[in-house]
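Student: Protein chains in written order, with the UniProt record's numbering: chain A, 1 to 257; chain B, 1 to 262.
These are computed hints drawn from the structure, not numbers from a lab.
From a predicted model like this one, the values you see are computed outputs, not experimental measurements.
Heads up, some of the hints might be wrong.
[Stated by the list, open to error] When the alpha-carbon atoms are kept at most 30 Å apart in a straight line, the in silico DSSO-like pairs for lysine-lysine are as follows: (1) K98/B x K73/A; (2) K259/B x K143/A; (3) K78/A x K98/B.
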Amino acid sequence: MALVQVKNLGKSYNPQTRVLKNVSFEVEAGEFVSIIGLSGAGKSTLLRCINRMVEIDEGNIIFDGLDVGSLNKRELRKMRTNIGMIFQHYNLVPRLSVIENVLHGRLGYKTTLQGVFNRFTEFEKEHAFFLLEKLGIADHAYKRCDQLSGGQQQRVGIARSLIQEPKVVLCDEPIASLDPNSSEVIMDYLKSITKELNIACIVNLHQVEIACSYSDRIIGLSKGNVVFDGPSFMLTADNTDEIYGTKTVETRKLVTV
Amino acid sequence: MNEKAMRSQRKWQTIIWVAIIIVFTYLASDITNFNIVHGIATLPNAITWIFSNLYVTPETFERLPKILEKLAETILMSIAATTTATVFSLFLGLMGSKTTGTSSILGVFARFVASVARNIPVVAWALILLLSFGQNSMTGYLALFVGSLGFLTRAFIETIDEASHSAVEALRATGSTYFQIVFKAVIPQCLPQLISWILFMIETNIRSATLVGILTGTGIGYSFDLYYKTLNYNAVALVTFTIVISVIIIELMSNRIRKVIL
Numbered sequence: 001m002a003l004v005q006v007k008n009l010g011k012s013y014n015p016q017t018r019v020l021k022n023v024s025f026e027v028e029a030g031e032f033v034s035i036i037g038l039s040g041a042g043k044s045t046l047l048r049c050i051n052r053m054v055e056i057d058e059g060n061i062i063f064d065g066l067d068v069g070s071l072n073k074r075e076l077r078k079m080r081t082n083i084g085m086i087f088q089h090y091n092l093v094p095r096l097s098v099i100e101n102v103l104h105g106r107l108g109y110k111t112t113l114q115g116v117f118n119r120f121t122e123f124e125k126e127h128a129f130f131l132l133e134k135l136g137i138a139d140h141a142y143k144r145c146d147q148l149s150g151g152q153q154q155r156v157g158i159a160r161s162l163i164q165e166p167k168v169v170l171c172d173e174p175i176a177s178l179d180p181n182s183s184e185v186i187m188d189y190l191k192s193i194t195k196e197l198n199i200a201c202i203v204n205l206h207q208v209e210i211a212c213s214y215s216d217r218i219i220g221l222s223k224g225n226v227v228f229d230g231p232s233f234m235l236t237a238d239n240t241d242e243i244y245g246t247k248t249v250e251t252r253k254l255v256t257v
Numbered sequence: 001m002n003e004k005a006m007r008s009q010r011k012w013q014t015i016i017w018v019a020i021i022i023v024f025t026y027l028a029s030d031i032t033n034f035n036i037v038h039g040i041a042t043l044p045n046a047i048t049w050i051f052s053n054l055y056v057t058p059e060t061f062e063r064l065p066k067i068l069e070k071l072a073e074t075i076l077m078s079i080a081a082t083t084t085a086t087v088f089s090l091f092l093g094l095m096g097s098k099t100t101g102t103s104s105i106l107g108v109f110a111r112f113v114a115s116v117a118r119n120i121p122v123v124a125w126a127l128i129l130l131l132s133f134g135q136n137s138m139t140g141y142l143a144l145f146v147g148s149l150g151f152l153t154r155a156f157i158e159t160i161d162e163a164s165h166s167a168v169e170a171l172r173a174t175g176s177t178y179f180q181i182v183f184k185a186v187i188p189q190c191l192p193q194l195i196s197w198i199l200f201m202i203e204t205n206i207r208s209a210t211l212v213g214i215l216t217g218t219g220i221g222y223s224f225d226l227y228y229k230t231l232n233y234n235a236v237a238l239v240t241f242t243i244v245i246s247v248i249i250i251e252l253m254s255n256r257i258r259k260v261i262l
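Let the sequences and hints guide you as you build the complete structure.
Tutor: In structure tokens form, the structure reads like this:
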């Protein structure tokens, strides 16, 4: 059975506009899936439906055999510990140190009091340092997060999601505010997560070329509908035209003239 | 041409506004029987009076230990009122903020408490509480407590609202509980501003404590009132100086603390 199953998902924030319409797809463990589409196509909403950061209106999402929409608060928290999340703006606590931010990923496994009073086990701390080492930022472990560059902060974000020991990592435009070099580093790390740790990655992306070169599969979203779902090598110019609502051929002509 | 027209328009606007202000000032002083010229004319007399009466003589220094004792009482009461109010305000602030609020009923409740406590001046609170608690330091403490509660709740709600929502979202996504989110994301982010507001509140409370003390007969306010009513103006001057100096010292200290934490 697939790890994440999205079945006829629908979502609307107000009665006039439906953000997602009848979206269905499946993601296997260890798969690298990119979701591409224009701003406002519903990419972020789709991602946030999977860990129910926004409520599901229609349809079901089955994660690891659990119906996400029907979980109560406690079950939802327990499920979220298995889903990592990486954000465009890193969403770290800027005044806290790198190591503290990484350990935030363990809070879901703790009781309220253990979390509030920082009762982390030695193993968890060692694991945090191991991850920082792997991501090449162990030297910055005791620095405050706001002293780090964008790429380094995003690596802290990755460490925070990996220490959760997740089955899937949701990435909401992880490289949208990074320069090309840092973007490549981040995408390489995400790719290696799927390969080495067999964690599925669902990544919202703007850049079609990057999506093609890194992902196993691409899902194209346009106005809340899935308009493309297939291996990345099958994505043609016509598909991207449909996803982005542009005429690639014409613009190419203009460039060549 | 255009520029000239605009300039003359500006000129007329200024003239009209000045005229309106003059007319209103005149009307207001006419209704209240306040004579501006007379007011200005008595200013030199007032200054002369201040300098000839409100000065500290060596004899008044004998009263200094007693005054300092009262001053310490006032400062400690202000700090006590602020710190206890902080604890309650923090909870009300968390309830009232959009980022951390759990239900809209609690949010409305928090905002209601804040605005009732804040919109009635501390002096009025002192007078109201005098009726039930009598003339003692408890009344002064409660008046300051209620005033601080209102102000700090309002300030905390705004500080928490301004704190970026992003880290809260990230922690929610890891499966953290409500209080873990509050203590690990919200408070670390707002801490400098929260401390800054608390320090500001302590400063404000020391000033108000003097006034409240006059009403409730406690602390430095009582000394001020006592010496003033027994026409011992030299002692009044000494009391005033000690208040001014202590407020300045506390302001300097809190500025220093702010610099370190921000």
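Student: Under the constraints set out in the numbered hints, which ones does this structure not fulfil?
Tutor: none
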